[in-house]
Structures are given as structure tokens and as C-alpha cells.
Amino acid sequence: MGTLGRAIYTVGKWIRGSGQALDRVGSLLQGSHRFEEHLSRHRTLMNVFDKSPLVDKDVFVAPSASVLGDVQIGKGSSIWYGCVLRGDVNNISVGSGTNIQDNSLVHVAKTNLGGKVSPTTIGDNVTVGHSAVIHGCTVEDDAFVGMGATLLDGVVVETHAMVAAGSIVKENTRIPSREVWGGNPAKFMRKLTDEEIAYISKSAENYINLAHIHAAENSKSFDEIEVERALRKKYARKDEDYDSMLGIVRETPAELILPDNVLPEKTTTRVPTTHY
Amino acid sequence: MATSISRSSRRGVASTLIRRCFAAEAALAARTEPPKPKLTVSPSPDRVKWDYRGQRQIIPLGQWLPKVAVDAYVAPNVVLAGQVTVWDGSSVWNGAVLRGDLNKITLGFCSNVQERCVVHAAWSSPTGLPFIFEFTGLPAETLIDRYVTVGAYSLLRSCTIEPECIIGQHSILMEGSLVETRSILEAGSVVPPGRRIPSGELWGGNPARFIRTLTNEETLEIPKLAVAINHLSGDYFSEFLPYSTVYLEVEKFKKSLGITV
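Residue numbers (this note's numbering), protein chains in the order written: chain A, 1183 to 1458; chain B, 23 to 283.
Be aware that one or more of the hints could be misleading.
In silico lysine-lysine, PhoX-like type, Cα no more than 25 Å apart, as pairs [as the list claims (entries may be wrong)]:
id: 1; chain 1: A; residue 1: Lys1239; chain 2: A; residue 2: Lys1384
id: 2; chain 1: A; residue 1: Lys1416; chain 2: B; residue 2: Lys126
id: 3; chain 1: B; residue 1: Lys126; chain 2: A; residue 2: Lys1384
Hint data in this document are derived by calculation from the structure and do not stem from the laboratory.
With the sequences and hints as input, model every part of the structure.
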């Protein structure tokens, strides 16, 4: 059996070697149009000369996000996929428990038409929705910036205020506490009810829990990913209904269980069909 | 491994060790100090600033694994996380983020999600509107049915898009909205939560308002657009090899640094 094993091993090695040679032949054929892959040079946290980001150890910064320059992020916050926090000309400070959702942009101004320049400050427990653009603003604690909103220079969003989705808030607007502003240009829409204010704080909290899961998943090493992939394949074939008919109770492997606190309490009777 | 190569070659091993030592000391000091009223940030010296792997495209969360059909084109800088299913012939273009961590996201046959879109699904709608879902019977998942074109920079959140629609660029669809079959949303439209866009009509604006009904010719063009983008995505799909050949660059690195291959 030793010789057979060795023979098979050698044949496998020949096939791999010829595969690599074929790859070289194919690249030659493609000539100048061939594409050579490179390692990813995307830098998640990047210094701009002497300004370096200061990010707390509890923060989830998605690998595809870019935190550049003079940025400070407090504990429990999360910077989601594709965000750009560019603190190159001025300072950006993000509080704790804040979440800056996917594809958002936070930038600061060095000069603007008014001449007055302030660094961008985002307070604690703020929710900044997807694809928001925040440029030289101050967002105070427990505020909610809706998705797709554009906040121009000098805007101040006070505590417990809400900027509606898709709104464009003109320069130096002050959005008072407990109000919803929206539209283009952003105008007062209505006052926030207490339920909605509670919802804002709860959503920020949910995001902190969600961020932990994503952070754990994104920081896995190659070996862990492969192990889980094998586990998932194995577990996928075992259907719970079938097993329960046979009287078998199977345990989900530990790596595949999400912590309970991710999904918020279900208040409606209708249950969406999810595996969990 | 490549990270360590670059780190050591760029600054020299000694200075990195010194910097790490100081960072660790600073972190320790920050932890033992009494909390200041201002922002206290205690960075971790282990935080990776640059990962040679880049961002993973498919991010499984627990048991949920995003499923991509074999002929669907998903650009390399797209992030699919959680319960996402990309069905046959569909395409997800550059920079899009499909985050199915709270609920399901489905991208139907021959649909496309264009550049930089964000598709998310809420677990339920905000308080004050939970009954919308019971009323309309719409689940909180995001369902994009077949032959739908979702224009660039759109934000979709817990919406249902029925077959053969066009969502204009930079549009925002909020929780519980329903875009009925064969309708077109103009660019830049914002659909408020729970809004229904009726079948065969053109809506637009912020908030989305009725503009006009679509002629028969225009409704026939809608699936043609989706199919055209499907053809285009075929070109992009054929650019990519089934497995990456980055190891060739790594070996070049090692050779140039004098490390034995």
C-alpha cells in the first residue's frame, strides 16, 4: 500500500505541475491583456503623514471600510462595510456605541464659504444610516441620521433628533432636539414620539450586538473559515423536521450558533421564515 | 504571512517592536486610569491595519451562508453577508453591500443590483409601524423578484420588488415598501415606509409621487434592460478565473526579499 500511495501522490503532483504549466501557457497566449492578481493593498486604518486613527479595541471596523487620518472612535462603535472616514484635513471624533452603516462617508472641511470650520463630531449611540454623507457636522448623542441623508457643512443635529432618509440638510442648519427633519432642503416635518426615541436607542444597541458577530466573522483566520465551511456542509444535509420524525435530536455545532442577543425581541405575531 | 513580510521589510523589525511595546503600555495605562469625561479610546495593539486578504466577499454568519448561483456575476468588492441568495443570471455590481444579517435578501432571476447599492433587511419595522407588515402581509425580508434593475447608489431596506421593475439610480426604498410589477421608479426617488407603487406606473420624487402611467412599449422594454445587463455581466464574469493566482505575486515577493520559495 505504501508504494501505491506514493504512486498516486506522484501522479497528483504531476497533474498539479502540468496545471501550473498550462496556466503559464495561457498567460502567454493572453499576452499583454492578461491580468495578474495582486494582494489586496486596501488599508483599513491608514495614517495620513503624522495623523493616525485612534480606534478603540471594541470597535468593529469592516475590512472594506477606510478610516484615514485623524479619526477617533470610541468603544462599542461600528464602522460598516465600505465606509470612508476621512480625517485628513481636520479631526473626526466618533463616540461610543455609535454605528456608521454601510457605504457612508464622513469627511471634514478645512475651509468653507463661511470661513468657520469645525471638526466633525459624532456623539454616543448615534445611528448613521446607509450611504449617508456627513461633511463637517456635529451630531450629538442619541441622534438618528436616516439612510442616504446628506449633511452639509456646519450642520448640528441635536440629541434625539432624526434626519429623514434621503434628505439634504443645508449648511449651518440646526436640527432641534426631538424633531424629524427631511426633504431637500431639509425642513421640519414632525415631532418625534416617545416610542420612536426609544426605538432609536434600541437600534443603536442592536447594532452593537450585531457588530460583535460581524467582527468575529471578519477576523477569522483561513483555517477557521475552512473548518466552518466543512461543518456547514455537513450540517446542511441534516433537516430538523426529518430528524424529529425519527426521534433524533441533533446539536448545531457550536461554531454555527449565533448569540441570542443579535435579533431583537419579536413583538409582532408574524414570524418571518428564517433558519434561526 | 505577507503582512509580516511587508511590516518587517518596510520599517525594520526593531522599530515595530518598540512601537508595539509603547502601544501596549499606553493601553494598560488607559485601562487603569479613572474614566475621563471626554472620549477615552483604548486602542488594541493587535488591531490589524492592513490585511493582505482584503475584504471577504461572502461572509457567513452562524448557519447562514450567502448563496450565489453559478452563472451570477458578483463583483469582487461586493459584500454578501448572512442570508443572501443571488439567483441565476443576476448580477451584483461593484461596491454593493447586501447585508442579510437580520433577515433574508433574495435577488431573483436575471435581476441586477448596480454599483454601490446597499440592500439591507430589518428584523421588523420601527415602532409605530409594526402593523404595516400585518396589514399588508409583507414579510420584513427584502425580496427582489425576476428581471428587476436596481439602479446605482440605491438603498433598499426591507422592501419587496415584484417582477420586471426598474428602480432608478440613487433611490431610497424604505421598510415595508412594495413596488408592483412593471413599474418604474425615477432616479432619486424616496419611497416612504409602507408605500405601494402600483403596477405599470412611473413614480418619482422625494417622497415618491405619481408621475404618469407607462405605455405598453415602455413596459416591454423593462425586461429587455435586465437581459441587456445580464449580457454585460457575462463579459465581466468571464474576466475572472475560478481560483485566484495571487500566489504568483507572493512568490515574487519572497524571491525579491530573498526568502526561499
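Against the structure, the hints come out as follows:
1. A:Lys1239 to A:Lys1384: Judged against 25 Å, a Cα distance of about 23 Å means the pair holds.
2. A:Lys1416 to B:Lys126: 22 Å, holds
3. B:Lys126 to A:Lys1384: 21 Å, holds
Checked against the numbered hints given earlier, this structure breaks none of them.
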